[in-house]
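Each chain, written out:
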Amino acid sequence: MFNTCLDRWYKCALKRLKRVLDAAIERQTIADISTDGELTEQTPKKPDKLRFTIKSHVYIGFVFAFVIAISIGIALVATLLMMDRNLEVIEVSNKYVYHTFEARSYEKEFLLKGAGIKEAHQNIRALKDLFLEHYGEIKKIVGSNELLSKIDKYGKLLETLEDLQAIATPSEELSLKQEKTKEELQSLGGEMVTVAKGLMRKEQDALNKTMLLFRVVHIYAVVFLILFITFIFHLMGYRVLRTLNRFTVYMGQISSGKHSNFQSSKFYRDEFTDLSGVLDQLVKEYDRQQTIISQSHKLRAVGTLTAGVAHELNNPINNITLTAHMLLEDYSELSDEERLDMIKDLIDEAGRARLIVRNLLDFARESESIMEPIAIGDVLEETLKISGSQVKLAGVNIELKVAPNLPRIHGDKHQLQQVFLNLLLNALDVTLKGGHLKVEVSMADEDNFVAVKVTDFGQGIPDHILHHIFDPFFTTKTKGKGTGLGLSVSQGIIAKHGGHITVSTKQKRGTTFTVKLPITTIPADLSRYSETQTLLDNK
Amino acid sequence: MMIDNKFEVLLLDDEPIVGKRLKPALLKLGCEVEVFESPQKAIKRINEKEFDVVVTDIRMDEIDGIEVLEHVMNKSRRTKVIMITGYAMMELARQAMEKGAFDFIAKPFKPEDLRMVIIKAAEAQGVKLTLSQEPH
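Those protein sequence lines, which keep their order, are chains A and B.
Mapping of the first sequence onto our numbering: position 485 corresponds to residue 485, and the numbering continues sequentially without gaps.
Just add 1000 to wherever you are in the second sequence, counting from 1, and you've got our numbering.
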């Protein structure tokens, strides 16, 4: 009968505990949703940022490079064409010079020997044809029709000379005229040669200039193209590599448990922005999962504690039962004083029971993570209080040594309690009845770290297991006794605090788990003190 | 029942209220009751005197109930030992029964429950205890 009554009471207590936890978890999810809501409020801000993707970066760079390459090509072809034309003109002027010289040499032959006038005429005609054929080019260089008139004049003078030569009867007047014509012809011939040479020189100069231009365009274009492509690729490489580096840093932070926001301060958005958005979501989801795992594990730890707590609770309940029954039984025979004493006992014992339950619920409740400066010694004392009944039940003596004047650490009290509880329960499991455990809190050998050492004197951890003890779901405990999450969750929590857990073990001698936590560098929250101060002032 | 042959009970529990409340309850059975909170003192007393019944809590700080039980069993096989257990200690209770405990009673219990067990233990020793409404 009592067993059933006890069972009912136990089940009822567990149900209440579960309700409290469920409510807490629900609150957490609501909090999650509300933070999501904030996110959606933030999203409309995003389109304000210009979207400049890496894809468009590549395209723009490519198009620019392409356009520049094409214009360089066009410039080169243009200078080549210019050179071609120069060469053509040089050829023309060559012909021109040739014909001029030919004409002049035949003219000389004619003057000396009286023969060759026909060939001279032919050359002059060829000269004329050449001039007419390349009128445009020659005019551009020489600048006027003067040359043509000179050729014409030369031709006419030749004819005149021929005519004069043909007159058989020599006379003084004739020879005078002949001499005059000869002189005119020679000076005109000289002028024509000079012009022809000038033409040649000019063309040569023009060709040299064009070739120089061609070379300069060639070299500068190639250099510019190379510089431009390098610039574009450097810009992109810098952009990609810098972002990748940033990602690497973030990933490192995540793996060490520090979760900061991925969103960069860049003024534009790109593929990396999308990626970081997805990663942010991933980290958030991971965090959420971690919270759930941590919570479910906490629940399991509570389950482990429940037996101890139930036992602990039975004492006040038993006292209440006995006192109440005796009060009922002897009510009429008792003096007022005795009755009052019994009622006082009832109230005290009820208070004692309430305190036990409150301690456990306080621990089990899903509380928001509040990082605050805390004294690590207090956290351990509270942890020992929570696990006290379990420890007593196991018949183990725990020695807690806290070094005096330890600096505070920055952390979440409940999460740290969970870690130390895990370590204590693990240590309890390997300690025989009547054995003892040691918990030491002191400064770590590492600077700015506090160390908490939980030492048991059990069998130690075998080497082949040692590598796996922090793996999730790894357990050596029998089914239903351990989730295999205790150490993995603890490690996650400690990493989040910027600390680490190490283990040292000796076969058949025992194991020490050391938790190192960084001391706080944040000044104490003075606002609280000022608050109490104002309260006191008001009083 | 003769005055000089009273049924003698030793009650050991580290919770003071248990002894305080159960003593008058057991006195009503007409037995002699000695109450102890400390297992050492109780063992000392057991060494001095043979009790008819020893009621002991199983879980106590220095010496647990099983040790007290063993001590009593060594000292006097006649003495009936009744164990008080907490919840989740069925294994311990079974152990106690194996070691010769007369019976066990689980916390929380009513004074009447313990009285019934003690009456049973007395019967086993050939003594009939009855509940008198008036304490001495």
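Hints were generated in silico from the structure; no laboratory data involved.
It should be emphasised that the depicted structure is a prediction, and the values quoted were computed from it without experimental measurement.
Keep in mind that a hint or two might mislead.
Stated by the list, open to error - Below, computed lysine to aspartate or glutamate pairings styled on EDC-like, alpha-carbon distance capped at 16 Å:
1) 1028(B) x 330(A)
2) 433(A) x 1064(B)
3) 1020(B) x 337(A)
4) 433(A) x 1050(B)
5) 1028(B) x 341(A)
6) 392(A) x 1061(B)
7) 392(A) x 1032(B)
8) 1020(B) x 191(A)
9) 1020(B) x 1032(B)
10) 153(A) x 91(A)
11) 1020(B) x 338(A)
12) 433(A) x 1034(B)
13) 433(A) x 1091(B)
14) 433(A) x 1061(B)
15) 1110(B) x 412(A)
16) 1110(B) x 330(A)
17) 1020(B) x 341(A)
18) 1023(B) x 329(A)
19) 1044(B) x 1034(B)
As the list claims (entries may be wrong) - If you anchor each label on the Cβ, the simulated ranges turn out as follows:
20) 404(A) x 1062(B): 25 to 31 Å
21) 369(A) x 1070(B): 47 to 53 Å
22) 397(A) x 1038(B): 36 to 42 Å
23) 506(A) x 1050(B): 19 to 25 Å
24) 1062(B) x 332(A): 27 to 33 Å
25) 372(A) x 1016(B): 35 to 41 Å
26) 1091(B) x 397(A): 40 to 46 Å
Claimed, not checked - Away from chain B, derived, C-beta distances all over 12 Å, residues of chain A:
27) 125
28) 183
29) 187
30) 230
31) 269
32) 299
33) 300
34) 319
35) 320
36) 321
37) 325
38) 336
39) 466
Don't be surprised by glycine CBs; every beta carbon is placed ideally from N, CA and C.
Now the hints, each set against the structure:
{"no.": "1", "hint": "1028(B) x 330(A)", "verdict": "holds, 11 Å"}
{"no.": "2", "hint": "433(A) x 1064(B)", "verdict": "holds, 11 Å"}
{"no.": "3", "hint": "1020(B) x 337(A)", "verdict": "holds, 15 Å"}
{"no.": "4", "hint": "433(A) x 1050(B)", "verdict": "violated, 30 Å"}
{"no.": "5", "hint": "1028(B) x 341(A)", "verdict": "violated, 20 Å"}
{"no.": "6", "hint": "392(A) x 1061(B)", "verdict": "holds, 8 Å"}
{"no.": "7", "hint": "392(A) x 1032(B)", "verdict": "violated, 32 Å"}
{"no.": "8", "hint": "1020(B) x 191(A)", "verdict": "violated, 151 Å"}
{"no.": "9", "hint": "1020(B) x 1032(B)", "verdict": "holds, 14 Å"}
{"no.": "10", "hint": "153(A) x 91(A)", "verdict": "violated, 24 Å"}
{"no.": "11", "hint": "1020(B) x 338(A)", "verdict": "holds, 11 Å"}
{"no.": "12", "hint": "433(A) x 1034(B)", "verdict": "violated, 30 Å"}
{"no.": "13", "hint": "433(A) x 1091(B)", "verdict": "holds, 14 Å"}
{"no.": "14", "hint": "433(A) x 1061(B)", "verdict": "holds, 12 Å"}
{"no.": "15", "hint": "1110(B) x 412(A)", "verdict": "violated, 44 Å"}
{"no.": "16", "hint": "1110(B) x 330(A)", "verdict": "holds, 14 Å"}
{"no.": "17", "hint": "1020(B) x 341(A)", "verdict": "holds, 11 Å"}
{"no.": "18", "hint": "1023(B) x 329(A)", "verdict": "holds, 13 Å"}
{"no.": "19", "hint": "1044(B) x 1034(B)", "verdict": "holds, 13 Å"}
{"no.": "20", "hint": "404(A) x 1062(B): 25 to 31 Å", "verdict": "holds, 30 Å"}
{"no.": "21", "hint": "369(A) x 1070(B): 47 to 53 Å", "verdict": "holds, 50 Å"}
{"no.": "22", "hint": "397(A) x 1038(B): 36 to 42 Å", "verdict": "violated, 18 Å"}
{"no.": "23", "hint": "506(A) x 1050(B): 19 to 25 Å", "verdict": "violated, 50 Å"}
{"no.": "24", "hint": "1062(B) x 332(A): 27 to 33 Å", "verdict": "violated, 40 Å"}
{"no.": "25", "hint": "372(A) x 1016(B): 35 to 41 Å", "verdict": "holds, 40 Å"}
{"no.": "26", "hint": "1091(B) x 397(A): 40 to 46 Å", "verdict": "violated, 21 Å"}
{"no.": "27", "hint": "125", "verdict": "holds, 135 Å"}
{"no.": "28", "hint": "183", "verdict": "holds, 146 Å"}
{"no.": "29", "hint": "187", "verdict": "holds, 140 Å"}
{"no.": "30", "hint": "230", "verdict": "holds, 77 Å"}
{"no.": "31", "hint": "269", "verdict": "holds, 60 Å"}
{"no.": "32", "hint": "299", "verdict": "holds, 18 Å"}
{"no.": "33", "hint": "300", "verdict": "holds, 17 Å"}
{"no.": "34", "hint": "319", "verdict": "violated, 4 Å"}
{"no.": "35", "hint": "320", "verdict": "violated, 7 Å"}
{"no.": "36", "hint": "321", "verdict": "violated, 4 Å"}
{"no.": "37", "hint": "325", "verdict": "violated, 5 Å"}
{"no.": "38", "hint": "336", "verdict": "holds, 16 Å"}
{"no.": "39", "hint": "466", "verdict": "holds, 31 Å"}
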